[in-house]
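The lines below spell out each chain.
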Amino acid sequence: MSHHYLQFDRVGYRYPGGREALRDVSLRITHGEKVALVGANGTGKSTLLLLAAGLLLPTEGEVSVGGIGLTPRTLPIVRQTVGLVFQNPDHQLFMPTVEEDVAFGPANMGLTPEEIEARVTAALESVGALHLRKESPCRLSGGQKRSAAIATVLAMEPSVLVLDEPTSDLDPRARRQTLELLKRFSHTMLAATHDMEMARELCPRMIVLRDGEIAADGAAETLFRDTDLLDACGLEPPCRMR
Amino acid sequence: MKNSLQNALCALDALERNARAESPMHRLDARAKLLATTVYLVTMLSVPLPQLSEILLYALFPMATATLGGMRLGPLLRRSLAVLPFVALIGIFNLLYDRTPALRIGTLTVTEGGIEFAAILLRGILSMAALLVLIGTTGFYALCRALQQSGIPRFLTVQLLFVYRYLRVLLEEALAMSRACDARSFGRKHPALRVWGTLVGQLLLRTFDRAEQIHRAMLARGFTGRIPDCTAGKPRWRRADTAFLTGWSLALIAARWSYPVETLTRLFR
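Chains as they are written, first to last, in the working numbering: chain A, 1 to 242; chain B, 1001 to 1269.
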């Protein structure tokens, strides 16, 4: 088993307008870990995910994935290693058909048509969306779009899965299906979410963000019992733990 | 406005849906269709304007390829008419300035400018029809890739692809905003003029934001500015592609060279 992990060393990020989104963030996620990233709106969760996926470069500190530091030169390899599932599947799905969308990543990796075909089939099969391969993404339901979006990332066979609000906007059944799907994966996983039930079920570890800084990092079960911390960060424990 | 936005989105959908159908035209390589359409446009547009009947003959190409591609001719013609206002603007000067009488039908005198105006309209409609058949049997993505493979600079083909993709984003955002506006307009047909400025500004900002997200999604999957081939498993260049391209190219060039309508008219006179 390879030793891929995600590491942030005193990372800060300031947007071009001057707004500081992250400050002095240090964390390490080891191979196979499933980590929930929680925090109120605007605390920097999405920025942290974009940095992890190599879509932003830190303005301070260092991000590394599998021991490879994030620099303009290493962006392609980092983007292959870390698969990012966007909060809104409509942003992720941009090709005319689901099949072509799933093939987009592998095709950019320079794989042969046979390899691309095999990856597309395997990825769609793993999310139970093989029957949707010829469909237009615009015509899918919310749950189907989410599955297709996850398949587009799985087709690149990333070592780390980074998910931005994977269960938002889903009806209860689609939410449950997405959750069961994510539970099956053995990938290293970092999921930003407001869905505390999902965080509790899927992720043994939880990182709490507050105003662009890490307010707490530890076992999810323990942090959920710290009502003072949750209250200070604008969060609530899952219903089952209230 | 909401209905026209919805119609435009539906038309885009229909075109893309048609591009995923199965037919002999769909099975052809995108490059063969692209090159044949290019030959068609060059030969058709180079026919002198007064030769209206010769230009009319060129309607055969979009009609034949549309039929072969399972596209209905009625809707194709309706969509092709969308180009009329633009070409009419170009041709109107011929109608106004060239008033030399060309023929007389009863009491009506048709001027040379009138014939040229009609020829310009016809050229516009036929060009549009041929392009719609090309996109409708190929898909815009495959078409941009075919352009790239045919040696068109990458920055142009990628720009073309983005324009098409973001056109959809723009329409979707405009439709969402229009609905949100309608929901709080309480029966007013159009928002107040001063609201328009804000709406257009917001539309641009929202479209820009969504476009950036889509670009990020592309970067996250290794996009480097080159359109990758995502059509794994589809057939490559075959004999049928060579036959289609050669056959149509020869027919179109021969038609351009020999003026068949004029020749036949002379023979039967």
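Honestly, the hints are just simulated from the structure, not real lab data. Built from N, CA and C at the ideal position, the CB exists for glycine as well. Don't take every hint at face value.
[Said to hold, decoys possible] Which chain B residues face chain A? A few, computed with CB under 10 Å, are given here:
1. 1140
2. 1142
3. 1265
4. 1268
Do the hints match the structure? See the list:
no.: 1; hint: 1140; verdict: 7 Å, holds
no.: 2; hint: 1142; verdict: 9 Å, holds
no.: 3; hint: 1265; verdict: 46 Å, violated
no.: 4; hint: 1268; verdict: 49 Å, violated
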